[in-house]
Structures are given as C-alpha cells and as structure tokens.
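Once you have looked at the hints, place chain B on chain A.
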Amino acid sequence: MDQEQNNKKGIIIFIGLALVFLVLGLVAYKASGDKGIEERFSNALGIYGESESAGKEIFGFKLEGDPTSYVVILALILAATALSYIYIDINIERPL
Amino acid sequence: MAHIHLPDGTFSIQWVITWWIIAFMILAFCLYWLKKVKKIDNKKITMASMLTAASFAIFQINIPLFGGVHMNLTPLIGIIAGPAIGGIIVFIVNILTAATGHGGWGLIGANMVVNMTEVMVAYSVYKWLGKMNLDTFSKAGIGTMLGLLLGNIAMILIILISGIQGVDQDIRTILYGLFLIAAVNMGMAIIESFITGYVVSYIKKVRPDMLGEVMPVGSRTK
Chain A
1 MDQEQNNKKG IIIFIGLALV FLVLGLVAYK ASGDKGIEER FSNALGIYGE SESAGKEIFG
61 FKLEGDPTSY VVILALILAA TALSYIYIDI NIERPL
Chain B
1 MAHIHLPDGT FSIQWVITWW IIAFMILAFC LYWLKKVKKI DNKKITMASM LTAASFAIFQ
61 INIPLFGGVH MNLTPLIGII AGPAIGGIIV FIVNILTAAT GHGGWGLIGA NMVVNMTEVM
121 VAYSVYKWLG KMNLDTFSKA GIGTMLGLLL GNIAMILIIL ISGIQGVDQD IRTILYGLFL
181 IAAVNMGMAI IESFITGYVV SYIKKVRPDM LGEVMPVGSR TK
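The listed protein sequences derive, respectively, from chains A and B. Per our numbering, residue 1 is the first one in the first sequence, and the count goes up by one each step. Per our numbering, residue 1 is the first one in the second sequence, and the count goes up by one each step.
Here chain B stands alone, though its shape is the one from the complex:
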C-alpha cells in the first residue's frame, strides 16, 4: 500500500491546506452520495466499522519483508464497501494512523487522496473485470494490484507537486528514491492482492449479498 510516511513540516503550509481541502471535498462528496444517492443499511454500517478496525489494526503491523512494510487493505475496502463508504473509512484510518505516529497530522489530507485513489481504482477495476466474466479471485487480485499501483503513482505525484521544505536534493534523486519506495511497495502488493483475492472469493461464496452481486435468499419476493 502507499502511504506518505513523513513528519509534519515536510510539506509547506499551502500544500498541507490544499490537500486537506481536497480531502474534505472527497469526504463531502462521499457523505452527499450516501445521503442523497446511495442508501445504506445497517449491515453496510456494521461492515464499514469492521473494515475500519481491520484496516487500522493491520496497518500497525510491520511486515518483515523488503526491510519492513505495511498493509492497510484499502483495495479490499473499495471492493466490499464501495468508494462512498470507503472514503469515510480511509479518512478515519488516516486520522488514527497519524495519532499513532505514521505520518504527520498535516499529511492526513494527502494520504487520504492516495488511499482514495486505491479504493476507487480497485473498485472500478473489480467492477469492470466483472463484465469480462473473470473469476472472483482474479478480479479482486488484479483490482488490488492496479489500485495499489495507482496509489503509489499518486503518492509520488503528490510529493513532487508539493515539494519538500528545507531539502537540497535534486528532483531526479527524489524521483529515483520515490520510485524505489513504490517498487518495494508493489512487491508487498502481491501479498495484499492474494489476501484480498481470497477474502473476496470467500465472501462471494458464503455471503454474495455483501458484495451487492446477489440478493440474499430471504429477501427475495414474489
């Protein structure tokens, strides 16, 4: 997964405010969508709570691969909960991760944009591949990998656009360093895509209604 692990003060205040405004706009759109367009039920709210807890909990685990990386299951959130609820989940998870020292408070806005990219892309790819009649594991796995790839690209772009305060490093060195981070993250993305693929396949098998693909038997009417 992609996440900007930088302390407060690395981005200038203008860019901190800019990314926070964009994050609030995304959040406002998600809330508007849930209020006016897509009605949610109690099951979805319960599921959103579970996903928030799972995402935050797994984020705290430092996985001893490639020197130490994190997961946060954003593609799984996108596929199961959808982008509207997913936006609210990643916002809460980013606040909690900032509270535990993963990235500064000022970077919550930028990290929300990065994670929202992962949620949106994973959801869109999963739905789009559904039209090609692929199996659930492949749809979720490919969606996860592409979501995380785009999330990493978003992370690089945000850092390059914002610039880093008080640093003499030239743009090529920064770009090379960020490319290495993204590449290592993508190595980890393979494991995350396996996990997401299996979780979504299992849910599809036992509770397809949770994915909004088949209505539960009990709810069918004449």
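For reference, chain A alone in the conformation it holds in the complex:
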C-alpha cells in the first residue's frame, strides 16, 4: 500500500513538472518563433551575419563543419585513448 502511494506520488510530481515545462516551452516558442537552435542563439546574443555552414553532403547526410578536421580529431582521440590506456593505470576489476 505504502509502495503504491509512493509510486503515485512520483508520477504526480513528474507530470506536474512536465506540465510546467511544457507550458513554459510553448510560451517561449510562441514568443521567439520557429527557429533552429543556432538562429535562436544568434538572435538572443545579437550576433548577425554569421551562420554555421551546412558543410558537405555524404550519401545524403549533411555534416556540419569540415570533414577533414573530423578525421584528424578522430585520429587524435584514438591516439589519446591509446596513451591513456597505456599510461593511466585505472584500476579495472577483471573477472576471475
């Protein structure tokens, strides 16, 4: 019985919060209009004339930014991961 009451309490709090944020979101959307997130930031901060380019299209998918830098960064992350694995001795509990 106690468990059931607590479950109801949890759902009531959850739905209450969801309703508050839904109203807040809709009011903000009405006030600011139909915009993407980058455009919202630009308008909020008064940054005009600079928009992020959509980048190249690969198999129908649009990658934002320069794909070459993406590959370079991925290679650097792989190197950093390998070095971390070798030199930072994290205590891993291995199964017996």
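FYI, nobody ran anything at the bench for these hints, they're computed from the structure. Do not take every clue at face value.
As the list claims (entries may be wrong) - The calculated BS3-like cross-link candidates involving lysine-lysine, where the alpha carbons are at most 30 Å apart (straight line), are:
1. B:K204 - A:K8
2. B:K127 - A:K9
3. A:K9 - B:K205
4. B:K127 - A:K8
5. B:K131 - B:K39
6. B:K131 - A:K8
7. B:K204 - A:K9
8. B:K36 - B:K127
9. B:K43 - A:K8
10. B:K204 - B:K127
11. B:K36 - B:K204
12. B:K204 - B:K131
13. B:K35 - B:K127
14. B:K39 - B:K204
15. A:K9 - B:K131
Frame of chain A; chain B shown alone:
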C-alpha cells in the same frame, strides 16, 4: 538539453582558457576518482562506450520540435554510469560535437561544465529520490528534468559571466533571449525525461546490476 551553440570567437580568450581549465580540473578529478576511489570493471567500460556512442549519435539528430532542438542524453549517462565515468563521456561527446560543427572548439570547456551539471544533478536527484521509495520511472524522469533545468541555468550563467565579444546587445535583452532558449530546451526536456525514465525502468527490470542497485544472481556468494 543545454549546449552553447556558438562559434569560436564569441567568448574572449581569457574565458575560453578559464572554462577549459575548469573542464580539465573536472576531468582530472573524474580520472583520480576512477583510479583511486571507485574501481571500475570491464562491464562499466563497455557501457561507457555504448553511452558515448548513443549520446553522440542522438546529438546529431535535429528533432523537429519547437523549431529544431537536440538531445544528448546526459541525464541518462549520469544515472547509468555515474558522475565519474559521466565526466569522461561528456568530454569526449563535446569534442566530437565540436568536430561536426555544433559549437566552437573554444567552447568545449564551457559545454563540458554545462553537461557535467546535468550529469551530476540527474545522478544526485535519482539517488536522493531513491530514499523516498519512488518508482524508477519517476526517479529517472524527475532527475532528468531537474538535471536539464540546472544545465540550462548553468548555460545562461556561463554566457552572462563570460560576455560576448563585439556585441552591443544590452544585458536584459541577452538574458531574455537566453531565457527563451532555456524555456524551449525545457519543453524538449519532457521528451528526454520520458525516454530516460523508460530506459532506466527497463534496465532496472532486466539488468538491475547495471544500475548498481542489486548484485547479479551469479555473483552472489555464501
């Protein structure tokens, strides 16, 4: 979710360095914690990899609600992996998202602070609500919403503290604009909290050991 979608050059170099230093301090603390305090096993590392991939993949999807918003599942990361592993995950995800053009490289430090706030708050609220004996869906859902709320507040504070270079907009207009962004993000947070709630409930049902709440049957000893 909250994320500072601004290009490089919007924050001054002093603030870019400041947020990067704070991010490195958080990262160093996470690594220290994993090395000295909380031992991790292979399962956790595998789970962390999966969470990193899921978070990055979902971040790339522009959800056509409220004009277009993103999710990155930071509260789910916090609840499942905990803040120490979560810190490393959000750092990697922020590097990858900067590489694909979502926010400048200089803003990775600031975005790490924003996302770490979401991870920490979601984890703490989920654990705290556990003491109140609420059901798993509500705990995870409420934790997610509060995590994302605090993440949005952190985002606003970071932008206000850092200031924007070369902009004449007065502080009230900036604050109003940022409030609108945060409010729209919170509208999206409802969907993210439903997803997180259901994912955590499902994991609790089929693999409670992944949440560190019950030991797996096979590992029980006399």
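Unmet hints by their number, sorted upward, for this structure: Per hint list: single violation, 9.
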